[in-house]
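**Student:** So the protein sequences, as listed, match chains A and B.
Residue 252 in UniProt numbering sits at position 252 of the first sequence, with consecutive numbering throughout.
Residue 227 in UniProt numbering sits at position 227 of the second sequence, with consecutive numbering throughout.
Since the hints were made in silico from the structure, they are not lab data.
Accuracy of the hints is not assured; some may be wrong.
[As the list claims (entries may be wrong)] One-sided excerpt, in silico: chain A residues whose CB lies under 10 Å from chain B:
{"id": "1", "residue": "Leu73"}
{"id": "2", "residue": "Ala137"}
{"id": "3", "residue": "Met194"}
{"id": "4", "residue": "Leu196"}
{"id": "5", "residue": "Leu199"}
{"id": "6", "residue": "Ala201"}
{"id": "7", "residue": "Ala203"}
{"id": "8", "residue": "Gly238"}
{"id": "9", "residue": "Leu258"}
[As the list claims (entries may be wrong)] Label pairs and their computed distance ranges (CB to CB):
{"id": "10", "chain 1": "B", "residue 1": "Thr242", "chain 2": "A", "residue 2": "Thr197", "range": "44 to 54 Å"}
{"id": "11", "chain 1": "A", "residue 1": "Phe210", "chain 2": "B", "residue 2": "Lys61", "range": "51 to 61 Å"}
{"id": "12", "chain 1": "B", "residue 1": "Thr242", "chain 2": "A", "residue 2": "Gly206", "range": "49 to 59 Å"}
{"id": "13", "chain 1": "A", "residue 1": "Arg88", "chain 2": "B", "residue 2": "Ser223", "range": "47 to 57 Å"}
{"id": "14", "chain 1": "A", "residue 1": "Arg9", "chain 2": "B", "residue 2": "His48", "range": "24 to 34 Å"}
{"id": "15", "chain 1": "A", "residue 1": "Pro161", "chain 2": "B", "residue 2": "Val16", "range": "15 to 25 Å"}
{"id": "16", "chain 1": "B", "residue 1": "Ala170", "chain 2": "A", "residue 2": "Pro51", "range": "19 to 29 Å"}
{"id": "17", "chain 1": "B", "residue 1": "His48", "chain 2": "A", "residue 2": "Phe210", "range": "54 to 64 Å"}
{"id": "18", "chain 1": "B", "residue 1": "Val254", "chain 2": "A", "residue 2": "Arg9", "range": "50 to 60 Å"}
{"id": "19", "chain 1": "A", "residue 1": "Phe74", "chain 2": "B", "residue 2": "Leu181", "range": "33 to 43 Å"}
{"id": "20", "chain 1": "B", "residue 1": "Met64", "chain 2": "A", "residue 2": "Arg293", "range": "26 to 36 Å"}
{"id": "21", "chain 1": "B", "residue 1": "Thr94", "chain 2": "A", "residue 2": "Pro285", "range": "11 to 21 Å"}
{"id": "22", "chain 1": "B", "residue 1": "Gly128", "chain 2": "A", "residue 2": "Ala21", "range": "16 to 26 Å"}
{"id": "23", "chain 1": "A", "residue 1": "Leu155", "chain 2": "B", "residue 2": "Pro182", "range": "17 to 27 Å"}
[Stated by the list, open to error] To list a few chain B residues with every Cβ distance to chain A over 12 Å, as calculated:
{"id": "24", "residue": "Gly89"}
{"id": "25", "residue": "Val102"}
{"id": "26", "residue": "Ala121"}
{"id": "27", "residue": "Ser230"}
Glycine residues also receive a C-beta, built at the ideal position from the N, C-alpha and C atoms.
Listed below are the residues making up each chain.
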Amino acid sequence: MMDRLGTGRLGRFLVGLPPYAWLALFFLVPFLIVLKISLSEPSAGAPPYLPLWDWDETGALAFHLTLGNYATLFGDELYAFAYLNSIRIAGIATLGCLLIGYPAAYAIARAPTAWRQSLLLLVALPFWTSFLIRVYAWIGILKSEGMLNALLLWLGVISEPLQILQTDLAVIIGMTYSYLPFMVLPLYANLEKMDLTLLEAAADLGCRPFKAFVAVTLPLSMPGIVAGSLLVFIPAVGEFVIPDLLGGPDTLMIGKVLWAEFFDNRDWPVASAVAIAMLVLLVAPIMIIQNARTKAEEAGK
Amino acid sequence: MILYGLLILAYAFLYVPIVVMIVFSFNASRLVTVWGGFSTKWYGELLHDEKVLDAAWLSLKVAMTSATVSTVLGTLAAVVLVRFTRFFGRTLFTGMVTAPLVMPEVITGLALLLLFVAMEAVVGWPSGRSFTTIVIAHTTFSLSFVTVVVRSRLSQMDASLEEAAMDLGARPLKVFLAITLPLIAPALLAGWLLAFTLSIDDVVISAFVSGPGATPLPIVIFSKVRLGVSPEINALATLVVTVVAVAMAIAGRVALKREQPRPQ
Numbered sequence: 001m002m003d004r005l006g007t008g009r010l011g012r013f014l015v016g017l018p019p020y021a022w023l024a025l026f027f028l029v030p031f032l033i034v035l036k037i038s039l040s041e042p043s044a045g046a047p048p049y050l051p052l053w054d055w056d057e058t059g060a061l062a063f064h065l066t067l068g069n070y071a072t073l074f075g076d077e078l079y080a081f082a083y084l085n086s087i088r089i090a091g092i093a094t095l096g097c098l099l100i101g102y103p104a105a106y107a108i109a110r111a112p113t114a115w116r117q118s119l120l121l122l123v124a125l126p127f128w129t130s131f132l133i134r135v136y137a138w139i140g141i142l143k144s145e146g147m148l149n150a151l152l153l154w155l156g157v158i159s160e161p162l163q164i165l166q167t168d169l170a171v172i173i174g175m176t177y178s179y180l181p182f183m184v185l186p187l188y189a190n191l192e193k194m195d196l197t198l199l200e201a202a203a204d205l206g207c208r209p210f211k212a213f214v215a216v217t218l219p220l221s222m223p224g225i226v227a228g229s230l231l232v233f234i235p236a237v238g239e240f241v242i243p244d245l246l247g248g249p250d251t252l253m254i255g256k257v258l259w260a261e262f263f264d265n266r267d268w269p270v271a272s273a274v275a276i277a278m279l280v281l282l283v284a285p286i287m288i289i290q291n292a293r294t295k296a297e298e299a300g301k
Numbered sequence: 001m002i003l004y005g006l007l008i009l010a011y012a013f014l015y016v017p018i019v020v021m022i023v024f025s026f027n028a029s030r031l032v033t034v035w036g037g038f039s040t041k042w043y044g045e046l047l048h049d050e051k052v053l054d055a056a057w058l059s060l061k062v063a064m065t066s067a068t069v070s071t072v073l074g075t076l077a078a079v080v081l082v083r084f085t086r087f088f089g090r091t092l093f094t095g096m097v098t099a100p101l102v103m104p105e106v107i108t109g110l111a112l113l114l115l116f117v118a119m120e121a122v123v124g125w126p127s128g129r130s131f132t133t134i135v136i137a138h139t140t141f142s143l144s145f146v147t148v149v150v151r152s153r154l155s156q157m158d159a160s161l162e163e164a165a166m167d168l169g170a171r172p173l174k175v176f177l178a179i180t181l182p183l184i185a186p187a188l189l190a191g192w193l194l195a196f197t198l199s200i201d202d203v204v205i206s207a208f209v210s211g212p213g214a215t216p217l218p219i220v221i222f223s224k225v226r227l228g229v230s231p232e233i234n235a236l237a238t239l240v241v242t243v244v245a246v247a248m249a250i251a252g253r254v255a256l257k258r259e260q261p262r263p264q
């Protein structure tokens with residue numbers, strides 16, 4: 001079969017092989033190994049799990065499959081709590097990004113044309129600087145003897161320092177801050193394309209600006225809102241660095257739990273089981289939503 | 001008016017933390033919230049910290065290598081997705097290209113480490129955690145981002161140019177090198193920069209696949225940060241932010257000069 005470019009079978013094979021082989025070896029196979037280890041029994045040796053199969057003294061093949069690691073996940077409510085808490089915290093952070101990002105994107109889209117590029121660049125610039133450093137910057141601000149408390153004490157708003165660092169609130173602030181550009185950029189792309197004559201028509205018909213916003217602008221910007229929210233929610237929900245640095249010991253998030261099982265408890269089988277559970281309960285639904293959205297967009301064109 | 005007020009607040013939210021950090025990197029006092037006079041001593045201390053310098057050098061090498069490899073592989077993957085409409089295992093391939101975009105980093109990191117451990121046990125390679133394992137891991141997740149960037153450029157491209165070259169008798173490889181590649185070059189550059197940034201900034205995946213012999217800069221910063229805020233990290237952070245801002249300004253100028261009206 002020849003395609004439009006007339007590349008032959010061999011040419012196509014040679015073009016496709018490197019990325020295909022790379023992804024199969026370094027992306028697909030690792031997940032099969034994770035699945036395998038999630039079914040293995042933990043052991044004290046190195047590696048800290050028992051082989052799934054081996055030959056016993058009589059030379060017969062013996063399997064050591066266990067669902068014990070998954071039983072641990074479902075038996076201990078810590079894991080369910082961490083899973084739900086991740087969704088809750090990422091959801092609130094997404095809402096925070098929307099509340100700050102929507103007016104910002106709207107203002108940029110309605111700014112004079114000559115300014116828009118620079119204003120957008122100012123939003124995107126923090127994304128290109130180190131993520132870790134931007135999270136770190138908040139520690140100095142939020143801790144009890146930090147900038148924010150010093151300011152509030154000085155203003156007389158509070159009489160003793162607030163405990164913000166090491167709470168869920170700090171994690172939400174850090175996530176909103178880190179992922180704000182991901183919300184503003186798609187919203188801007190959407191709002192900038194909007195047909196302003198629709199708003200003029202609404203105004204001519206006697207519609208007040210706020211009502212026109214709710215009835216016209218908001219529904220029209222829905223695709224931008226959905227795109228931005230997914231871009232924020234997806235990385236936020238599996239986040240490790242932000243809850244680790246800004247959250248406290250009780251800030252349970254699923255990414256942090258996996259990390260702790262692997263590095264602190266050296267329990268590779270349970271860490272693998274957490275990964276598989278995350279894949280099934282978190283990544284798979286997200287991919288299904290993404291696919292449905294892409295298909296809907298293509299159909300709408 | 002209210003709208004512009006909100007916009008200014010959003011910018012303040014984005015930039016105040018960075019500015020505070022930069023200001024306190026020049027603080028003479030070790031206390032982070034008390035101003036003890038202007039000093040550049042933390043920068044001096046930083047430049048004598050062998051561990052930090054080694055880590056920065058390693059991160060730079062890893063980022064350059066993995067950005068280059070992922071740009072090559074990501075471009076090939078984009079060509080496959082845009083031009084080859086039907087082939088064996090297309091659904092699997094599309095899935096493997098898009099999945100890293102939504103995959104939590106802890107899972108990717110864990111999976112790759114377990115692969116390296118298993119490979120070492122079976123074929124004896126790679127031995128331990130090293131430059132190579134970090135490059136492989138970073139390439140794997142940034143490849144998808146390059147593919148997204150190149151793919152959109154490739155699908156917007158005017159196909160008649162390629163067809164004209166074909167009609168004039170150019171072979172597919174020649175067409176790709178002489179026509180397609182120059183046309184998608186801006187996307188390759190953008191993809192490379194994105195992959196470079198993702199690599200040099202990565203903490204989670206590196207934490208899994210790096211070892212005592214090969215520690216990239218974010219891991220060094222991360223372990224220092226876990227111990228608390230210090231003016232030395234502020235100084236390091238300021239340097240990183242400055243380098244990035246300067247690089248962005250240069251890249252922005254180059255892009256503006258080259259900018260051609262593109263069909264949306």
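**Student:** Of the hints stated earlier, which fail here?
**Tutor:** Failing hints, ascending: 1, 3, 4, 5, 6, 7, 13, 14, 16, 18, 19, 23, 24, 25, 26, 27.
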